[in-house]
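Chemist: From first to last, the protein sequence lines are chains A and B. In this text, residue positions in the first sequence follow this note's numbering: the first is 1, and each later residue adds one. In this text, residue positions in the second sequence follow this note's numbering: the first is 320, and each later residue adds one.
Hints were generated in silico from the structure; no laboratory data involved. Fair warning: there could be bad hints in the mix.
Said to hold, decoys possible - Simulated pairs of lysine to aspartate or glutamate, EDC-like, Cα-Cα distance not exceeding 20 Å:
{"no.": "1", "chain 1": "A", "residue 1": "K3", "chain 2": "A", "residue 2": "E280"}
{"no.": "2", "chain 1": "A", "residue 1": "K287", "chain 2": "A", "residue 2": "E21"}
{"no.": "3", "chain 1": "B", "residue 1": "K639", "chain 2": "B", "residue 2": "E501"}
{"no.": "4", "chain 1": "B", "residue 1": "K361", "chain 2": "B", "residue 2": "D374"}
{"no.": "5", "chain 1": "A", "residue 1": "K199", "chain 2": "A", "residue 2": "E234"}
{"no.": "6", "chain 1": "B", "residue 1": "K478", "chain 2": "A", "residue 2": "E318"}
{"no.": "7", "chain 1": "A", "residue 1": "K173", "chain 2": "A", "residue 2": "E197"}
{"no.": "8", "chain 1": "B", "residue 1": "K613", "chain 2": "B", "residue 2": "E597"}
{"no.": "9", "chain 1": "A", "residue 1": "K273", "chain 2": "A", "residue 2": "D8"}
{"no.": "10", "chain 1": "B", "residue 1": "K571", "chain 2": "B", "residue 2": "E597"}
{"no.": "11", "chain 1": "A", "residue 1": "K159", "chain 2": "B", "residue 2": "D522"}
{"no.": "12", "chain 1": "A", "residue 1": "K159", "chain 2": "B", "residue 2": "D601"}
{"no.": "13", "chain 1": "B", "residue 1": "K513", "chain 2": "A", "residue 2": "E318"}
{"no.": "14", "chain 1": "B", "residue 1": "K571", "chain 2": "B", "residue 2": "E614"}
{"no.": "15", "chain 1": "B", "residue 1": "K513", "chain 2": "B", "residue 2": "D601"}
{"no.": "16", "chain 1": "B", "residue 1": "K571", "chain 2": "B", "residue 2": "E624"}
{"no.": "17", "chain 1": "A", "residue 1": "K199", "chain 2": "A", "residue 2": "D181"}
{"no.": "18", "chain 1": "A", "residue 1": "K134", "chain 2": "B", "residue 2": "D342"}
{"no.": "19", "chain 1": "A", "residue 1": "K159", "chain 2": "A", "residue 2": "D220"}
{"no.": "20", "chain 1": "B", "residue 1": "K513", "chain 2": "A", "residue 2": "D8"}
{"no.": "21", "chain 1": "B", "residue 1": "K478", "chain 2": "A", "residue 2": "E319"}
None of the values given here were measured: they were computed from a predicted structure.
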Amino acid sequence: MEKTEYLDLYHQMVVIRRLEESAAELYQSGKIGGFLHLYVGQEAVSTGLISARRPEDRVITAYRDHGVAINVGISANQVMAELLGKATGISKGKGGSMHMADVTKNFWGGHAIVGAHLPLAAGLALGDAYRDQKAVTICMFGDGATNIGFFHEALNLSKVWNLPVVWVCENNKYGMGTTIDRASAVSEIRRKADGYEMKNQVVDGMDLLAVRETALQVFDEVRNGSGPQFLEIETYRFRGHSMGDPERYRQQEEVKQWQENDPIGIYHQHLIKDGIATEEELQQVVKDAEAVVKASVAFAESSPEPAPEELFTDIYMEE
Amino acid sequence: MARITMREAISQALWEEMERDPDVFIMGQEVGVWGGTYAVTKGFYDHFGPRRVRDTPISESAIVGAAIGSALTGLRPVAELMTINFAFVAMDHIVNEAAKIHYMFGGQMVLPLVIRTVGGGGRQLGATHSQTPDAIFAHFPGLKVVSPGTPADAKGLLKAAIRSQDPVMFIEHATLYQMRGEVPEGDYVVPIGKSIVQRPGRDVTIVTYSKMLEVSLKAADKLSQEGIEAEIVDLRTLRPLGMEPVIESFKKTNRAVVVEEGWPSYGIGAEISSRIYEQAFDYVDAPVKRVAQKEVPLPYNRTLEQMAIPNAEDIIAAVKEVL
Chain A
1 MEKTEYLDLY HQMVVIRRLE ESAAELYQSG KIGGFLHLYV GQEAVSTGLI
51 SARRPEDRVI TAYRDHGVAI NVGISANQVM AELLGKATGI SKGKGGSMHM
101 ADVTKNFWGG HAIVGAHLPL AAGLALGDAY RDQKAVTICM FGDGATNIGF
151 FHEALNLSKV WNLPVVWVCE NNKYGMGTTI DRASAVSEIR RKADGYEMKN
201 QVVDGMDLLA VRETALQVFD EVRNGSGPQF LEIETYRFRG HSMGDPERYR
251 QQEEVKQWQE NDPIGIYHQH LIKDGIATEE ELQQVVKDAE AVVKASVAFA
301 ESSPEPAPEE LFTDIYMEE
Chain B
320 MARITMREAI SQALWEEMER DPDVFIMGQE VGVWGGTYAV TKGFYDHFGP
370 RRVRDTPISE SAIVGAAIGS ALTGLRPVAE LMTINFAFVA MDHIVNEAAK
420 IHYMFGGQMV LPLVIRTVGG GGRQLGATHS QTPDAIFAHF PGLKVVSPGT
470 PADAKGLLKA AIRSQDPVMF IEHATLYQMR GEVPEGDYVV PIGKSIVQRP
520 GRDVTIVTYS KMLEVSLKAA DKLSQEGIEA EIVDLRTLRP LGMEPVIESF
570 KKTNRAVVVE EGWPSYGIGA EISSRIYEQA FDYVDAPVKR VAQKEVPLPY
620 NRTLEQMAIP NAEDIIAAVK EVL
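Start from the sequences, fold in the hints, and give me the full structure.
Modeler: Dropping the structure here:
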């Protein structure tokens with residue numbers, strides 16, 4: 001990677017972090033409605049994965065989708081405007097936090113029913129396989145999704161049809177407030193892929209470069225016909241499941257321990273230690289990222305509400 | 320025009336659309352090597368090959384979900400659910416994904432998807448395999464729901480569904496595959512959302528669709544012998560609902576019977592009669608009557624099952640009540 005690329009990944013992670021923190025404030029002040037699931041702590045996962053994809057590779061994820069939205073190149077303005085339900089939002093204010101997508105950037109959402117997007121991912125990959133296009137579909141989901149039937153149907157189908165999918169489990173240790181050992185018969189999630197004879201491995205999701213390197217290699221193999229593969233990426237969400245989470249299920253000590261293992265801090269250290277960037281340069285990136293997020297709030301707040309007639313548009317293509 | 324069966328008409332529509340557009344493909348249980356559990360896709364696998372005629376595992380969520388995903392890439396999947404009773408297993412993908420995906424992302428995603436499935440009772444398949452839950456699917460904005468009652472409409476509507484840019488549930492009836500009728504050859508397309516008068520009459524309007532069209536026509540023939548001329552409107556599409564021919568007919572006859580095979584509660588008849596009252600209240604000479612399935616899970620026993628499913632006598636009795 002060129003230096004500018006290293007710095008850009010740092011920029012993306014800081015934008016996500018600051019955007020999520022701003023969103024939390026806007027939620028508490030009532031400007032964002034509905035559910036809000038923050039990506040704080042998991043930034044290295046999507047930043048690393050998506051930095052390794054090619055434009056023709058498709059991305060699809062669950063409802064914790066703001067980070068992915070930024071990584072695929074949706075502007076902070078459009079993400080923030082969507083959170084505020086404005087006409088300028090990426091889904092025209094009709095989707096909200098859980099339903100962001102940009103098909104021009106090969107980002108297929110933003111899906112809010114746990115696990116339901118996994119069969120869709122198999123279908124996206126089928127679209128490419130059908131036309132002999134060498135592209136990979138990257139499907140992200142949480143550890144909680146590995147206990148629902150959709151997961152098993154999708155993994156099975158992808159293997160039976162040898163589809164170019166990379167299944168990415170973001171293991172953040174909790175399905176809402178329930179720990180893996182209380183919800184899953186198999187505590188080591190990646191072993192579920194063994195049940196479908198699917199190549200799998202565990203990656204440290206706090207280390208952006210580790211995620212990126214593994215992803216580069218796996219995407220390449222899948223692109224070249226290895227069949228579907230499975231990545232379990234170990235990560236942690238620093239905030240609750242959603243903004244309404246009282247967090248009775250975990251100790252502050254545990255949260256603190258993980259926070260000291262901050263993906264942005266780890267990457268920062270790496271850039272300094274390897275002499276890729278200086279403290280001053282990274283400070284500047286942080287400042288730029290903060291300016292981007294601040295501007296996005298101003299943009300979203302000053303954006304118009306959707307027009308009333310939008311209520312009845314986009315139900316069908318053909319009336 | 321050739322006189323062919325409903326099965327042949329559906330098969331013909333699929334075949335012609337697959338020949339016409341390389342993006343059209345079929346996926347579902349036993350659609351390939353087996354040739355379709357109702358033999359609709361017999362010969363397709365050998366002709367079009369395994370890429371375009373895809374046998375799936377028994378995984379309804381994966382069938383509908385993967386069909387959605389492939390449709391998002393611009394393919395035109397015809398996903399087959401062996402019976403509509405299995406659609407419940409895929410309910411999330413039908414109602415939470417297919418019906419919403421265009422709207423929810425602000426119109427970015429386009430879903431040219433057809434879900435072909437089979438409903439209806441009368442074959443002693445017991446409670447779980449005999450349902451007519453069409454109204455449930457017609458409940459959701461974003462889906463289109465089509466259910467033909469003649470071979471010609473089956474061909475024309477299936478072609479329209481495959482060419483549609485919207486997700487369409489295409490509901491066939493298990494006991495209509497042998498029905499014969501005149502079917503135009505070649506590129507015959509029937510627009511979705513248009514009801515049609517299948518039999519003209521002056522005394523009463525019978526609104527129906529699918530299998531109950533056949534039963535209603537029988538009833539109308541018997542009524543005719545008694546000098547009662549029923550006009551039969553075939554809905555053909557349940558969503559979007561084409562009410563114009565219904566209202567036009569009702570304004571002429573001032574009396575209506577709605578006939579459906581499913582249960583009456585919250586059903587097609589409830590919807591149609593409510594719309595008649597809303598749109599033509601001044602023309603009402605008698606309360607609109609519903610003929611529908613008895614409110615029981617369908618039993619296996621043939622006699623009991625037949626008691627539960629509407630027949631021509633039920634329709635005749637209802638017509639006489641409104642006259």
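Chemist: Each hint needs a verdict: does it hold in this structure or not?
Modeler: Now the hints, each set against the structure:
| no. | hint | in the structure |
| --- | --- | --- |
| 1 | A:K3 to A:E280 | holds (14 Å) |
| 2 | A:K287 to A:E21 | holds (15 Å) |
| 3 | B:K639 to B:E501 | violated (32 Å) |
| 4 | B:K361 to B:D374 | holds (13 Å) |
| 5 | A:K199 to A:E234 | holds (17 Å) |
| 6 | B:K478 to A:E318 | holds (15 Å) |
| 7 | A:K173 to A:E197 | violated (24 Å) |
| 8 | B:K613 to B:E597 | violated (26 Å) |
| 9 | A:K273 to A:D8 | holds (18 Å) |
| 10 | B:K571 to B:E597 | holds (16 Å) |
| 11 | A:K159 to B:D522 | violated (61 Å) |
| 12 | A:K159 to B:D601 | violated (62 Å) |
| 13 | B:K513 to A:E318 | holds (14 Å) |
| 14 | B:K571 to B:E614 | violated (32 Å) |
| 15 | B:K513 to B:D601 | violated (24 Å) |
| 16 | B:K571 to B:E624 | violated (36 Å) |
| 17 | A:K199 to A:D181 | violated (23 Å) |
| 18 | A:K134 to B:D342 | holds (18 Å) |
| 19 | A:K159 to A:D220 | holds (17 Å) |
| 20 | B:K513 to A:D8 | violated (55 Å) |
| 21 | B:K478 to A:E319 | holds (17 Å) |
Comparing the model with each numbered hint stated earlier shows that hints 3, 7, 8, 11, 12, 14, 15, 16, 17 and 20 do not hold.
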